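In the order they appear, the protein sequences are chains A and B. Under the numbering used here, the final residue of the first sequence carries the number 363; numbering is consecutive throughout. Under the numbering used here, the final residue of the second sequence carries the number 912; numbering is consecutive throughout.
Hints in this document: simulated from the structure, not taken from any laboratory. Some hints could be false.
Said to hold, decoys possible - With a straight-line cut-off of 30 Å between C-alpha atoms, the simulated BS3-like cross-links for lysine-lysine are:
no.	chain 1	residue 1	chain 2	residue 2
1	B	Lys426	B	Lys830
2	A	Lys285	A	Lys310
3	B	Lys626	A	Lys285
4	B	Lys643	A	Lys326
5	A	Lys317	B	Lys703
6	B	Lys830	B	Lys623
7	A	Lys326	B	Lys575
8	A	Lys142	B	Lys824
9	A	Lys12	A	Lys40
10	B	Lys626	A	Lys317
11	B	Lys626	A	Lys295
12	B	Lys643	B	Lys830
13	B	Lys839	B	Lys824
14	B	Lys703	A	Lys247
15	A	Lys76	A	Lys40
16	B	Lys892	B	Lys824
17	B	Lys850	B	Lys426
18	A	Lys310	B	Lys597
19	A	Lys295	B	Lys623
20	A	Lys326	B	Lys572
21	B	Lys597	A	Lys326
22	B	Lys756	B	Lys572
23	A	Lys317	B	Lys643
24	B	Lys673	A	Lys310
25	A	Lys353	B	Lys623
26	A	Lys299	B	Lys597
27	B	Lys497	A	Lys68
28	B	Lys575	A	Lys317
29	A	Lys142	B	Lys412
Values in this document were obtained by computation on a predicted structure and should not be read as measured data.
If you want the building blocks of each chain, they are given just below.
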Amino acid sequence: MADTFTITVDGKPVEAHAGEMVLRAAQRAGVHIPTLCDDKRLEPAGACRACLVEIDGQRRLQPSCAWKVAPNQNIKTQETSKRVQRHQDVLVSLYMADHKLDDEGLPVETCNGNGLREWAQECQTLSLDPVEAPRAARPGDKNPYITFQPELCVLCARCTRYCDEVEAVNAITLTGRGSETTIGTAGMRGLLDTSCELCGGCIDTCPTGALVEQKAIEILPHQIERKVRTTCNYCGVGCQMDLNVAKVDGIEQVVRVTSPPPGETVNDGNLCIKGRFAYDFIHHKDRITEPMIRKPDGKLHGVSWDEALKFAAEGMKKVQQRHGPKALGFISSARCTGEENYLMSKVARAAFKTGNVHSCAAT
Amino acid sequence: MSNSIPEIRDLDFMLVIGSNTTEAHPIIGMEMKIARQRGARLIVADPRKIWLTEYADLHLQLKPGTDVWLINAMAKVIIDEDLVDKDFIKTHTEGWPELKANLAKFNLPEAEQATGLPAEVIRAAAIEYATTRKAAIYYTLGITEHAHGSDNIFSLANLVMMTGHLGVRHGGLNSLRGQNNVQGATDAGATPLYYTGFQSAEDPAVRAKFEKAWATDLPATIGLNLNAIMEGVKEGNVKALYVMGEDILISEPNTNHLEKGVKELEFLIHQDIFMNETTKYASVVFPAACFAEKDGVFTNTDRRVQRVRKAVNPPGNARPDCQILADFARASGYAMPDYKDAGEIYAEIASLAPRFAGISHERLDRTPMGIQWPCTSPEHEGTAYMHKDGPVKGKGTFVVTNFRPSVEMPNREYPFSLATGRVLYHYNSGTQTRRDSGTMDKVGECQIEVHEEDAAGLGLKDGDMVKIVSRRGGIKARVWISGRVQKGCVWMPLHFVDAAINKLTIDAGDPLAGTAEYKVCAVNLLPVKPGAERAERSELVESRPVLGA
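Please model the entire structure based on the sequences and the hints provided.
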């Protein structure tokens with residue numbers, strides 16, 4: 001079989017790579033197929049049944065996330081297949097019967113969005129009686145970051161598969177039977193008492209907002225003014241992250257950190273506890289907000305920038321004149337940007353004529 | 364890293380030595396776990412039973428500071444088994460006969476004695492590395508933070524070159540850099556040895572080029588490295604410091620001695636986002652913007668230049684470090700250009716450093732994966748792995764290395780060997796992560812990992828407070844019988860100002876790199892009487908000021 005061949009999706013030719021699944025080829029071509037349980041980082045599960053398509057020669061609808069492409073395959077999605085559309089209308093309605101709905105009868109919006117809500121808006125939903133599903137959370141869970149809202153869970157197992165296949169700590173798992181099935185831990189302990197490393201990948205992969213970040217749970221996606229793609233400031237891996245900015249009491253703040261989509265950046269959408277959650281320092285009350293100089297009383301006093309800069313320049317110049325440039329040391333920082341480190345080396349060498357410039361990069 | 368992060372998941376073999384990857388580089392740790400789940404073999408060499416060992420096929424739990432013995436013994440096995448890459452050695456290297464002759468003495472029986480590892484295990488690890496094509500080595504500070512750190516790295520480099528695992532997509536010798544921009548700081552020229560882009564500070568032609576660009580005369584000699592500057596502070600030869608974004612009194616070794624020197628400084632400028640120990644002695648404090656409040660680039664461990672973008676304004680009158688430095692230079696009488704933004708500064712760097720010549724903020728904004736240097740022109744796509752056409756410097760030099768014990772070995776008075784490092788939940792001096800609730804819930808205070816038998820010998824139980832003393836100072840911490848350290852060894856994290864471990868550590872440095880020996884010093888443990896303990900949970904955590912719980 002050739003490595004690359006053509007399949008047909010809704011009557012249009014789509015390029016496919018041998019070995020990949022129908023859903024991937026369709027997504028690459030910009031064809032929209034709804035899905036809840038799919039994540040590029042995970043093995044296909046075929047769990048949610050949202051992505052079923054009609055495939056020529058197949059009696060039953062098949063999950064496009066777990067069906068391999070083949071040359072000359074003919075695929076129909078909800079766009080061209082009444083059967084697929086009917087399947088989706090019924091399926092999304094069944095999900096909604098077991099889901100928290102808002103006043104308009106749509107799956108509720110959460111701070112992490114809700115993929116079921118978006119999908120329901122594309123369908124002709126039926127009004128079904130609510131299902132009595134005593135799905136439990138973990139009431140004793142005291143972890144301050146990750147909240148599980150069981151009434152929003154669709155049991156797609158993305159979180160538990162992520163915890164197994166990517167983070168590989170297996171802290172959470174599907175537990176219970178039938179309508180009591182839920183996302184559990186060993187002995188239903190709180191996450192702090194499990195092998196969980198609080199990476200928050202479960203939040204990132206959850207399609208419905210059943211797993212959300214606790215810290216700014218009340219801030220919904222439409223309240224986020226912008227997402228700013230940047231590089232994490234902790235270790236040297238260089239994970240890309242999106243700082244979510246919202247106005248809180250009229251002041252713009254970073255209220256959340258989210259992952260870029262999988263496959264787009266060096267970290268493949270993954271983050272660790274520090275990158276995803278440890279951002280409180282940004283708006284912490286202990287931040288230094290004014291320049292200060294030490295006055296004859298031995299204490300630091302807030303002054304203007306002009307005064308502080310003048311005082312600092314004169315202080316360094318005096319030592320340089322008295323003891324020569326070799327008596328000066330400039331300690332740059334591996335925490336600061338490349339441009340800042342460049343300027344520090346320029347300040348040392350060009351302004352103060354000393355090569356005594358180094359950063360904590362010595363290790 | 365000679366190679367790239369995205370290659371990891373397709374490897375067939377990984378040797379991780381002196382790197383607590385899952386805690387210090389969690390996302391690279393994830394990639395290694397993915398590779399492992401896809402069937403790659405993983406060998407971890409570390410004195411401590413780190414988390415990654417739970418995923419490893421083999422854990423080489425060597426005695427601290429004996430890496431040269433392990434690596435050189437592996438090299439000798441590879442020679443004895445005739446598994447060297449003769450073509451690579453002939454074409455791309457020099458110094459092979461000398462190396463081969465010197466390795467003769469690193470025989471397995473003595474290696475077993477020195478490292479505490481069974482000879483057969485060393486032999487098996489060596490053969491597996493040499494015979495697997497997609498095989499890469501990863502190391503971090505467990506290799507470098509020794510007084511013989513350079514020897515450790517040369518030994519590893521010898522191993523990589525003699526087996527031809529260099530200049531190929533899945534291989535190489537990969538140093539996992541510890542901090543967000545530790546690579547970029549050196550790239551930018553914040554090092555006494557180089558101007559930006561690794562251009563020698565001793566080369567008159569380089570100096571002339573920068574004198575022209577910077578329109579001033581520049582120092583003719585190279586300056587002091589960090590370790591030497593700190594020595595200068597202690598001895599009173601360095602009289603003034605400008606410290607940007609580091610708490611030297613927490614991060615540098617032997618801080619008690621350093622603190623005396625810092626007190627005597629005639630002038631100290633400290634620029635940071637939080638007050639810390641160093642601020643106590645500052646003549647001037649400049650309030651800086653944090654990463655979310657400014658523009659620029661960080662360069663990660665696989666040489667990937669990526670953008671830092673401003674999301675929010677700095678608090679109060681805090682300013683981006685770039686602006687502070689430029690203003691300070693002008694106040695000092697140097698005509699620093701009036702840069703309109705960080706992109707213009709980067710353009711100046713790119714114009715002076717050939718290996719970054721093809722990189723610009725505009726191009727990075729179009730490239731979500733970042734650009735890996737060398738990138739020599741706007742058309743150059745960047746470099747996923749180095750040494751593709753043979754070693755960059757021409758011939759790779761085999762460097763003969765010999766075992767030198769660590770400077771301070773345990774004795775009767777100080778019977779334990781202390782190593783220091785990071786935990787997953789905190790970052791370096793902890794000024795940021797000690798201000799977050801969840802990280803503190805996971806690890807809220809300093810713990811010292813002690814071997815069960817050592818603890819029993821001292822009458823210590825899990826959770827007891829203990830005083831740890833070295834020849835340089837003493838601190839308190841809580842005992843954790845973790846099952847991870849060897850008998851005779853203890854381990855502590857570096858994040859807690861209340862238990863500042865660098866009061867204990869030795870300021871011996873590697874003669875070439877100046878890197879301090881944070882990984883081995885001798886200490887004793889003194890049980891603390893009940894009642895004399897104090898809860899050391901940091902006071903820094905607050906509920907979020909405006910968002911509430």
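The hints, checked one at a time:
Between the alpha carbons of B/Lys426 and B/Lys830 the distance comes to roughly 24 Å, so the proposed pair stays at or under 30 Å and holds. This hinted pair checks out: A/Lys285 and A/Lys310 have alpha carbons roughly 27 Å apart, not beyond 30 Å. For a cut-off of 30 Å, the pair hint linking B/Lys626 to A/Lys285 stands: about 28 Å separates their Cα positions. Under the criterion of a C-alpha separation no larger than 30 Å, the hint pairing B/Lys643 with A/Lys326 is consistent with the structure, at around 24 Å.
Taken as a hint, the A/Lys317 and B/Lys703 pair is honoured in the structure, with Cα atoms around 27 Å apart against an allowance of 30 Å. For the proposed pair B/Lys830 and B/Lys623, the alpha carbon gap of about 23 Å is at most 30 Å, so the pair holds. The hinted pair formed by A/Lys326 and B/Lys575 meets the criterion: a straight-line CA distance of about 23 Å does not exceed 30 Å. As the CA atoms of A/Lys142 and B/Lys824 are separated by approximately 27 Å, the hinted pair is consistent with the 30 Å bound.
This hinted pair checks out: A/Lys12 and A/Lys40 have alpha carbons roughly 24 Å apart, not beyond 30 Å. Restraint check for B/Lys626 and A/Lys317: the C-alpha separation of about 19 Å stays at or below 30 Å, so the hint holds. With a C-alpha separation of about 16 Å, the suggested pairing of B/Lys626 with A/Lys295 holds against the 30 Å cut-off. Restraint check for B/Lys643 and B/Lys830: satisfied, since their Cα atoms lie roughly 25 Å apart, inside the 30 Å limit.
Of the supplied pair hints, the one linking B/Lys839 and B/Lys824 holds, its CA atoms being roughly 15 Å apart against a limit of 30 Å. In summary, the hint linking B/Lys703 to A/Lys247 is supported, as the alpha carbons are separated by about 27 Å, within the 30 Å threshold. Proposed proximity of A/Lys76 and A/Lys40 is supported: the alpha carbons are some 22 Å apart, at most 30 Å. The suggested pairing of B/Lys892 with B/Lys824 holds, with an alpha-carbon distance near 13 Å, which does not exceed 30 Å.
The hinted pair formed by B/Lys850 and B/Lys426 meets the criterion: a straight-line CA distance of about 10 Å does not exceed 30 Å. Distance check on the hinted pair: A/Lys310 and B/Lys597 sit about 27 Å apart at the alpha-carbon level, within 30 Å; holds. For a cut-off of 30 Å, the pair hint linking A/Lys295 to B/Lys623 stands: about 21 Å separates their Cα positions. The suggested pairing of A/Lys326 with B/Lys572 holds, with an alpha-carbon distance near 22 Å, which does not exceed 30 Å.
Using a Cα cut-off of 30 Å, the hinted pair B/Lys597 and A/Lys326 holds, with the two alpha carbons roughly 15 Å apart. Under the criterion of a C-alpha separation no larger than 30 Å, the hint pairing B/Lys756 with B/Lys572 is consistent with the structure, at around 22 Å. For the hint linking A/Lys317 to B/Lys643, the alpha-carbon distance of about 22 Å falls within 30 Å, and the restraint holds. Taking the CA atoms of B/Lys673 and A/Lys310, the gap is near 28 Å; set against the 30 Å cutoff, the hint holds.
Proposed proximity of A/Lys353 and B/Lys623 is supported: the alpha carbons are some 27 Å apart, at most 30 Å. As the CA atoms of A/Lys299 and B/Lys597 are separated by approximately 24 Å, the hinted pair is consistent with the 30 Å bound. Simply put, B/Lys497 and A/Lys68 have alpha-carbon atoms about 28 Å apart, close enough for the 30 Å limit, and the pair holds. Pair hint B/Lys575 plus A/Lys317 holds up; C-alpha atoms about 23 Å apart against a cutoff of 30 Å.
Using a Cα cut-off of 30 Å, the hinted pair A/Lys142 and B/Lys412 holds, with the two alpha carbons roughly 29 Å apart.
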